[in-house]
Every structure is written in structure tokens, then in C-alpha cells.
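If you want this note's numbering, it's the position in the sequence shown, counting the first as 1, plus 437.
It should be emphasised that the hints constitute simulated quantities derived from the structure, not laboratory data.
A portion of the hints provided could be inaccurate.
Straight-line distance between alpha carbons at most 20 angstroms, and here's what the computed SDA-like set of lysine to any residue pairs gives [stated by the list, open to error]:
| hint | residue 1 | residue 2 |
| --- | --- | --- |
| 1 | K780 | T803 |
| 2 | K780 | D858 |
| 3 | K533 | S622 |
| 4 | K802 | Q666 |
| 5 | K550 | A621 |
| 6 | K765 | F781 |
| 7 | K518 | S760 |
| 8 | K533 | G601 |
| 9 | K521 | Q719 |
| 10 | K486 | E530 |
Quick caveat: nothing in here was measured; it's all calculated off a predicted structure.
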Amino acid sequence: MNGGTFTPGVEKARAGIYFNFRTTAMQRVGLGDRGTVALPVLTSWGEAKKFISISSVEDLNKKIGLNVDDPSLLLYREAMKKAKTVLLYRLAEGEKARATIGELQVVAKYGGKKGNEISIRISENVFDADKRDVLTFVGTDEVDRQTVTTIEELKNNNYVAFSGEGTFETTAGTYLLGGVNGTASNGDYTAFLEAAENEYFDTIALPVQDNEQLKATFVAFIKRLRDRQGLKVQGVLANYPGDYEGIINVTDGVLLEDGTEITPELATAWVAGASAAATFRQSLTFVQYEGAVDVLARKEEDEIINRMAKGEFLFTFDPRDKSVSVEKDINSLTSFTSEKNQKFAKNKILRVLDGINNDLTHEIKTLIKNRKDAGNDIPANNDGIQLILTLCSQYFSTLAENNGIENFDPETDIQISLNEDRDGFLINAAAQPVDAAEKFYFSVEVK
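Make the full structure from the sequences, and use the hints.
Structure below.
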């Protein structure tokens, strides 16, 4: 039976089974495949110990109940200057605000300072003197209204829980008190990393300052995802020489136009968001930090060169237009070998290589699933080799056509053979990123 590739809309002359594997490559080319960052935060409201996907201000208001200018959302605001989606994870809930109004007990739904903005107003209903109107306000906004006779009839709403028995005392407005934002322990951050294993993201930030133990745990987590599980993500932390291509070490901070100081640990949010959103055709080198008007510490040229040689991610101040931009888009890798040379320290190169790994893994898994759904496996013979060869050739060819890689030759750059047990494939492929001087080789075994 005939087979091979096909072009949509162009009919084949011969009968056969044809495949087209260009979709994933085109998605990566189309600038829309990346942009998700996982971010731990200590906010003033919302459910704790859970990832919530936020892609817009509307998402933020609806899913969390906070305005974008809330002081506790600084990290989110910095990440969203570049990221498409932020997976917010509230590390700790804190203390819930409370109020007692006669026999009525009112408790905020979540812990945090936002609860102190909640007030309850109770008044006689204008149509029935035996009933009471119970209104819940957040600031000046009415968010809930119930007309009831007794306390027992009240139903919890999205902001407070009611309890108690009997009749009401009227109040022109009683505020809940005692809401306190949470503080995060090492255990809270460990729970964040454990939860992150079940999420899809491109980068993940660890915005902590002086906690070497936690930083070491974070680096080990990224290494495990990349090297043992094949999940090519990057982690961003501050002032930690990770010496690993999967870790970006931010050692510089910026000053925002409103006077806010973004220290290195806070800057991890922007770097993670910008790195997540950058495609394989984009480098962050010279990319401006939106809203920044200076760096926290200006540096001489020799210091910049020395610190970059140590794998530090730095920002540069331009006095001509008072802007701040990325000095060089590098990660923390500094110990180079024949397998991982200086090119692996460039995040742009790494995005190409990581994209190839993630995309081909996804494509092969999808191919296996689709064939199993149709009652077939991928045969461990020449037919199976041709299937995988077609998949890889189309993917790499699409990247080459769109300046992701160069000098690609499907005849020589992809070699596929059966493994020794004849139940899988040995796949050797060569890919030369457009700004690399030599090829990088990876092997994928389908078990």
C-alpha cells in the first residue's frame, strides 16, 4: 500500500495512507505555542494551594476576586508584562476576617487582608417589616443581597459564610476585621513544586531571597523535570549559581517609574514571563523592561563582563532614553563540555532545542494514541521507521523553512533504526539552530 506525506487540498494519484505532521511545527512557528509561567504568590485573597490560570484582567477579577492594582499582585503584574498566561499559586491563606453582629457570625471565605474590606449592612425590608435585607459589600461594591426572616435562612456567598441562630440586629455597616495575609514556609514552596508537576508551563519562578536550601531544592526539581522526565522547562531564581541550562540566575534589579524597587528575587517574575513568551525565533537580548527607568545598581563594563561569565542574567540602563533592557539572554550554565558547549548557555538556542524535544515527544505520543484508538500499534519494523521518519522530517523541515534551524538535510540528519530488543526505535537527529556554529544531537527512544 502506498503512503507518505500529503498537501491539504491536493489529491494523490495512488490509493494509500498518508500522514501530515506539520501542525505542531506550524504552531511553534506561529508565535502562539509558548507564554505560560507558573508563579507562587502571597496574595490578599483567593483559594490557597491551587493553580489558577489567569490570562486577562477579567480572568483575575472573576477567578480570584482581586483588582489588578492590588498591592499583593506585584509579581503577577511584572510577569504579565510579557507572559500570555500566568498560573497563579497562592502559597498560604493567612487569617480570615470576621465580624459578630448580635447573634450573627460572619467569616470571610478566604484569609487575607482583602477580607477587611468586606462589610455587612442589615436593614428592615421596605415591603415586609418582619424581614431583613442583608447586604454584603466589598469596599463600596454590593456583591450580595438576601431578604430573610431569620439568621438560619442566610446562604453563604462568594465572599462570606454566615452562621448563628435567631433574629437580626440592624447595622448601617459592620466591617469584618482580622484578615491577615499568609506567610510562606519551605513546606508551602515544596507543595507549590509538587503541584506544578501536574501543570503545563514554559517557565517557573522562585521569587525568594535568602533561602539556599529552598533554591537547591528548586534546581533539583528543574533538573528532574528536564533530565529524567523529558519536560523541557526553565526555572528562574535569584542570586544562585545553578550552572545548568535549565536555570536562569537573575542577579540584577530595576527601578519602576512609580518608584517601586524590583529586587532580583522580584525580577524573577518578569524574566520568567518574558522567557516563557519568547519563541524560538526571539532572543531577550536588548528587550526592554516595560515600566523600568533604571537599574538598582549601575555597573562598569568589566563587572558586567565578569558577571555574565558567571552565568548571571543582568539588566542594562541606557541613559539616552532612560530605558532598561536585558544585557544578554543567557542561563546559568558555565561548566562547558563537548556535549554542552557555550551555545547551550544561550536561551534562544535552548528554546529551539527544548521545543524540538517537547514537540516531537507530543507528536509521537499523539501518533501512538491515534493508532491505538484505530486498533493499531506503531509496528516495530520498517513501516514504523517510515512513520517516525516522516514525522521528524516534516517537523524539522518546517522549522528550517521558518528560520528555526538551518542546513537541515532529511537524508542525512535523521537516522532511525530498531533498538536491540526490536520493540522500539533509536532516533538520531541533527539540528543546527540558526545562530549556532555547530550541530547538536539528541536521541529519542520510543519504548
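Checked hints:
With a C-alpha separation of about 31 angstroms, the suggested pairing of K780 with T803 is violated against the 20 angstroms cut-off. Among the hinted pairs, K780 with D858 is inconsistent with the structure: their alpha-carbon atoms are about 35 angstroms apart, more than 20 angstroms. The straight-line distance between the Cα atoms of K533 and S622 is roughly 19 angstroms, inside the 20 angstroms bound, and the hint therefore holds. For the suggested pair K802 and Q666, the alpha carbons sit about 14 angstroms apart, so the restraint of at most 20 angstroms is met.
Proposed proximity of K550 and A621 is supported: the alpha carbons are some 15 angstroms apart, at most 20 angstroms. With a C-alpha separation of about 14 angstroms, the suggested pair K765 and F781 falls inside the 20 angstroms cut-off, and the hint holds. Only pairs whose Cα atoms come within 20 angstroms are accepted, and K518 paired with S760 is accepted, the gap being roughly 15 angstroms. Distance restraint check for K533 and G601: the Cα-Cα separation of roughly 18 angstroms lies within the 20 angstroms cut-off, and the hinted pair is therefore satisfied.
Restraint check for K521 and Q719: the C-alpha separation of about 15 angstroms stays at or below 20 angstroms, so the hint holds. Between K486 and E530 the CA atoms are separated by roughly 8 angstroms; this keeps the pair inside 20 angstroms, and the hint holds.
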